[in-house]
Amino acid sequence: MNDAPPNVPAPARRWLPSLSAMIWIVLFLGLNLTSARIVLLSADSDPGLHRKLGEWMIQHRAVVREDSLLHTHHGPSMAKEWLSEVLFAAAARWFDWGGIVLLAATLIASCFWLLHRQLLAESCDPVLATGLLLVAMLACSMHWLARPLLFTHLLTLVFAWQLRWFQLGRVAAQRLFVLLPALMILWVNLHGAFMTGLVLIAMHALGTAIDARRHGTFRGKSMILTGLLLTCGVASLANPNGWGLHTHIFSFMQSRELSTVTTEFASPNFHTVGARGFLLLLFLLAAALMIIRPKLCATDVLLIGGWGCLALFSARNVPLFALVVTPLLAQWLTESMQANPDSWWGPLYRESTARVSAARQAVDDATVIAVVLCLLLVVAKPKIAGGEPLLMTDFPPSRYPTAVVDYLRTYPDAVHGEMFNCFLWGGYLEFALPERKPFIDSRTDSYGVGLVREFRTANEPKPGWEAVFAKYNVGWTILPVQHPLNRVLELSPHWSRVFSNQQALVFSRVP
Amino acid sequence: MVSGDGDPCMHWRVGEYMLQTGHIIRTDVFSHTRFGWPIVSKEWLSEIIFAEAGRLAGLYGLCIVAALVIATTFALLHRQLLRETGNHAVAVFVVLIAAWAACTHWLARPHAFSFLLAVLWGDALRRFARGESARRLAIALGLLTLLWVNLHGGYLAGFITLGAYWLGAAVELVRARTDRARWGVARRKLNVLTGVALLCGLVSLLNPNTYHLHIHNLQFLRSDYLTNWLMEYASTDFHSPDSRGFLAWLTLTFLTLALVRPRLSPASGILLIVWTYFALYLGRNVPLLAIFTAPILATALAEASPSWVSRLSDRLRETGEKSRAWLLVSVATVVAIAVIPRPTRMPPEKWPVEAVDYIKKHPEQFGGNMFNQYVWGGYLLQALPEHRTFVDGRTDFYGEALIRQFDDTSALRTNWLQALQQYHVSWTLLPTEHRLNLALALLPDWERAYSNKVATIYCKRP
Chain A
1 MNDAPPNVPA PARRWLPSLS AMIWIVLFLG LNLTSARIVL LSADSDPGLH RKLGEWMIQH
61 RAVVREDSLL HTHHGPSMAK EWLSEVLFAA AARWFDWGGI VLLAATLIAS CFWLLHRQLL
121 AESCDPVLAT GLLLVAMLAC SMHWLARPLL FTHLLTLVFA WQLRWFQLGR VAAQRLFVLL
181 PALMILWVNL HGAFMTGLVL IAMHALGTAI DARRHGTFRG KSMILTGLLL TCGVASLANP
241 NGWGLHTHIF SFMQSRELST VTTEFASPNF HTVGARGFLL LLFLLAAALM IIRPKLCATD
301 VLLIGGWGCL ALFSARNVPL FALVVTPLLA QWLTESMQAN PDSWWGPLYR ESTARVSAAR
361 QAVDDATVIA VVLCLLLVVA KPKIAGGEPL LMTDFPPSRY PTAVVDYLRT YPDAVHGEMF
421 NCFLWGGYLE FALPERKPFI DSRTDSYGVG LVREFRTANE PKPGWEAVFA KYNVGWTILP
481 VQHPLNRVLE LSPHWSRVFS NQQALVFSRV P
Chain B
1 MVSGDGDPCM HWRVGEYMLQ TGHIIRTDVF SHTRFGWPIV SKEWLSEIIF AEAGRLAGLY
61 GLCIVAALVI ATTFALLHRQ LLRETGNHAV AVFVVLIAAW AACTHWLARP HAFSFLLAVL
121 WGDALRRFAR GESARRLAIA LGLLTLLWVN LHGGYLAGFI TLGAYWLGAA VELVRARTDR
181 ARWGVARRKL NVLTGVALLC GLVSLLNPNT YHLHIHNLQF LRSDYLTNWL MEYASTDFHS
241 PDSRGFLAWL TLTFLTLALV RPRLSPASGI LLIVWTYFAL YLGRNVPLLA IFTAPILATA
301 LAEASPSWVS RLSDRLRETG EKSRAWLLVS VATVVAIAVI PRPTRMPPEK WPVEAVDYIK
361 KHPEQFGGNM FNQYVWGGYL LQALPEHRTF VDGRTDFYGE ALIRQFDDTS ALRTNWLQAL
421 QQYHVSWTLL PTEHRLNLAL ALLPDWERAY SNKVATIYCK RP
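These protein sequences, in sequence, are chains A and B.
For the first sequence, the working numbering gives the first residue as 1, with consecutive numbering after it.
For the second sequence, the working numbering gives the first residue as 1, with consecutive numbering after it.
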């Protein structure tokens with residue numbers, strides 16, 4: 001029988017990092033050292049777009065105010081994620097694309113490290129906490145992309161955590177009023193989904209008010225949360241566009257046509273492997289509600305129902321749902337295990353998990369993480385130690401027209417006029433071919449529905465595509481081989497093929 | 001109901017063929033791409049019913065049959081909920097939400113029969129769970145299976161639900177291992193459900209294709225390509241206003257579980273999880289989710305309903321007993337049927353009605369094989385019986401190979417001309433905005449024969 005207190009690790013394990021730190025290390029190294037780093041970078045071409053914008057801001061030491069990346073659209077720029085673009089560009093200055101992957105992997109690993117620590121701090125069993133964390137990771141992994149969205153994941157977790165602990169009485173109101181408005185100022189400059197934080201506070205304020213009314217108690221907490229909501233709302237005005245950013249985002253969300261152009265704003269497709277994590281989380285929730293039958297307060301109902309609806313509306317909300325719901329699930333399961341110590345599975349579970357400990361080790365998590373980070377920086381940029389990069393990170397030629405870009409750099413006169421490109425390649429081309437402006441990129445909120453419709457006419461293609469090309473003086477196209485417009489251009493006497501390989505075809509208008 | 005897609009016309013045409021020939025269709029006679037290939041006629045009985053209705057009243061006849069089946073389905077569901085909960089207000093509320101969730105799939109197609117059979121199937125299983133005799137369950141499910149395997153390919157839904165009850169009984173058996181009396185009851189339940197499942201399995205062979213029907217259906221469902229390609233097999237798009245009913249159903253389910261906290265039997269829990277999963281996975285399963293799980297939610301809500309709901313229920317019951325509302329409803333229905341204009345043809349702003357008229361007037365131009373839009377295929381079977389289609393709504397019959405060829409041509413992939421050449425296509429009938437028209441316009445041996453806002457016809461030059 002082991003008489004040692006549970007929080008003191010056995011001597012043999014004393015120098016191992018804690019379970020949370022191990023999760024951070026495995027996730028961080030896994031994302032950096034496997035092919036996942038290519039997926040992080042190139043699942044879509046937005047990293048190219050953000051790097052380009054960030055680079056411009058670093059060079060000019062100013063926030064982008066004028067949008068001139070496309071030849072089809074000129075106008076004021078909203079710069080709704082300027083700070084994260086600067087951070088990504090700064091990382092890329094040091095380590096090229098590897099730096100962007102490093103930053104993204106750090107954000108992802110830190111997010112789940114924090115979630116694991118939250119679960120443990122809430123008395124969740126280490127094995128259960130790790131299991132639930134894996135489910136949450138699976139649900140979130142569909143949006144593990146090197147983009148500003150990752151800042152929203154991290155900040156959502158911190159907001160949800162602090163608000164939950166305030167409800168549980170573990171955090172004082174003063175701390176919320178210091179921490180959350182400060183984080184909101186960061187968030188509103190890091191990513192356009194900063195409204196997530198305001199929605200979370202509003203849900204807590206409303207839920208607390210409903211519970212106070214039901215129980216006939218004082219609405220002190222609800223009033224504090226309402227005050228917090230107002231404070232964070234005011235803090236959210238601290239961005240280069242002030243209130244204009246909020247109205248811009250509202251108008252974008254209201255436009256169904258615009259918000260469904262990008263797949264991540266569409267509802268989750270449950271046929272895909274990426275949705276399995278979300279399904280698993282829904283299954284666990286439903287099973288817990290039916291078997292454990294936890295008593296939910298109004299805030300819990302609002303959080304699960306509200307974020308569940310938002311996740312069904314847009315796949316990009318699935319990670320937010322997972323981050324908000326996982327602590328609730330952990331709480332129910334923990335309470336159920338504590339309430340049923342004599343159930344048939346209780347001793348079996350305790351016996352099989354007895355050796356797992358999440359106790360604090362001799363070395364602090366932060367130290368371990370810093371050491372691993374430094375080691376990987378050296379691997380990513382061995383110039384620090386005088387060598388060449390061991391891991392090459394770039395847009396893969398199997399998905400992006402890298403050969404076309406090389407060709408056009410070598411033969412710039414091969415094409416004339418303006419470009420027509422496919423939607424997915426816009427961000428990549430903005431970075432890789434800075435001397436040419438694309439027809440479209442992923443910033444549908446910037447250029448509006450008119451251009452989207454014109455793009456669709458040419459992209460389908462539908463009758464009227466030639467008028468669109470004429471309007472924008474399109475002189476050449478760069479499209480995937482199987483793109484239907486290529487077949488029409490092949491047959492047209494006014495166009496000729498200037499480049500082809502297995503990924504892309506380039507057609508140029510015959511002079 | 002009849003113009004949501006081309007399938008109502010397709011089933012009518014197939015049924016009409018069976019009525020004319022006096023036997024069940026065994027080989028394809030409607031397409032030129034798979035002409036003479038063996039057919040698994042998985043819904044022959046409903047096709048004959050629709051064809052008889054079509055003979056009597058044309059497209060309107062199809063609407064009447066579908067409306068009758070759907071209305072009966074939800075009327076039965078309401079009666080069942082009323083019987084099981086005794087609460088009029090809850091029964092009406094849950095049935096209305098269920099109807100809202102299901103209404104996007106109210107089409108004059110054989111799957112409407114699946115809704116009706118699902119209501120009866122679920123009722124038989126719940127009666128057994130409440131203690132009704134095993135013999136009655138066996139007779140009810142046996143008869144329903146016999147009907148279902150001949151009416152619609154969705155009979156698998158019945159087996160899935162039966163499986164959920166079987167699994168629920170197995171869980172009860174495990175949970176009751178220390179209680180001899182409960183263990184005996186659970187054991188008997190499991191034995192009965194096993195026996196009934198075997199009986200239904202045997203009865204399901206009583207169809208024109210015997211076990212080939214099951215193999216055919218499973219092969220289709222296992223094809224990721226086909227189930228991803230078909231719109232109605234896609235997951236629900238929650239941005240669409242059509243999905244609001246499903247969202248309301250999910251919300252009702254969540255709120256019931258979270259706030260009412262019902263003690264569900266293992267079978268009910270499994271049913272809720274399994275059918276919610278199937279409905280999220282395939283939008284076309286939403287009506288079945290609503291039908292199979294409505295009694296679970298209604299029972300939980302009725303047990304937890306506050307006093308004002310009970311008072312409302314009593315008032316509804318009293319009003320129902322005193323009033324002669326059925327008379328008013330009957331009169332209103334008869335008047336509506338007599339007065340409201342009846343659909344006689346498909347709406348020409350969506351379907352190539354005028355293009356079909358042109359083809360009929362100029363038969364000399366359309367001697368060879370056709371390439372048509374997928375959704376229009378069923379309509380063309382009915383409207384142009386003298387021409388064979390390239391493809392229509394019978395995706396499971398055409399199979400992955402042909403659908404891939406069709407898609408390659410429609411999407412103008414690099415091999416887009418291959419299917420046109422292989423099947424000797426000499427004219428196309430496609431929506432005017434279809435991209436294939438743009439390519440054909442640039443081919444020297446093709447010319448435009450007809451075009452309006454809806455459809456355009458290209459013909460190969462002789």
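Just to be clear, a hint being listed does not mean it is correct.
When the alpha-carbon atoms are kept at most 27 Å apart in a straight line, the in silico DSS-like pairs for lysine-lysine are as follows [as the list claims (entries may be wrong)]:
#1 B:Lys-460 with B:Lys-360
#2 B:Lys-360 with B:Lys-350
#3 B:Lys-453 with A:Lys-471
#4 A:Lys-437 with A:Lys-471
#5 B:Lys-322 with B:Lys-460
#6 B:Lys-361 with B:Lys-460
#7 B:Lys-350 with A:Lys-462
#8 B:Lys-350 with B:Lys-460
#9 A:Lys-462 with B:Lys-453
#10 B:Lys-322 with A:Lys-462
#11 B:Lys-453 with B:Lys-322
#12 B:Lys-361 with B:Lys-350
The set of hints was computed from the structure by calculation and includes no laboratory data.
These numbers come from a predicted model, not from an experiment.
Each hint tested on the structure:
| no. | hint | result |
| --- | --- | --- |
| 1 | B:Lys-460 with B:Lys-360 | holds, 18 Å |
| 2 | B:Lys-360 with B:Lys-350 | holds, 19 Å |
| 3 | B:Lys-453 with A:Lys-471 | holds, 24 Å |
| 4 | A:Lys-437 with A:Lys-471 | holds, 16 Å |
| 5 | B:Lys-322 with B:Lys-460 | violated, 70 Å |
| 6 | B:Lys-361 with B:Lys-460 | holds, 18 Å |
| 7 | B:Lys-350 with A:Lys-462 | holds, 17 Å |
| 8 | B:Lys-350 with B:Lys-460 | holds, 25 Å |
| 9 | A:Lys-462 with B:Lys-453 | holds, 13 Å |
| 10 | B:Lys-322 with A:Lys-462 | violated, 62 Å |
| 11 | B:Lys-453 with B:Lys-322 | violated, 55 Å |
| 12 | B:Lys-361 with B:Lys-350 | holds, 21 Å |
Hints 5, 10 and 11 from the list above are not met by this structure, while the remaining hints are.
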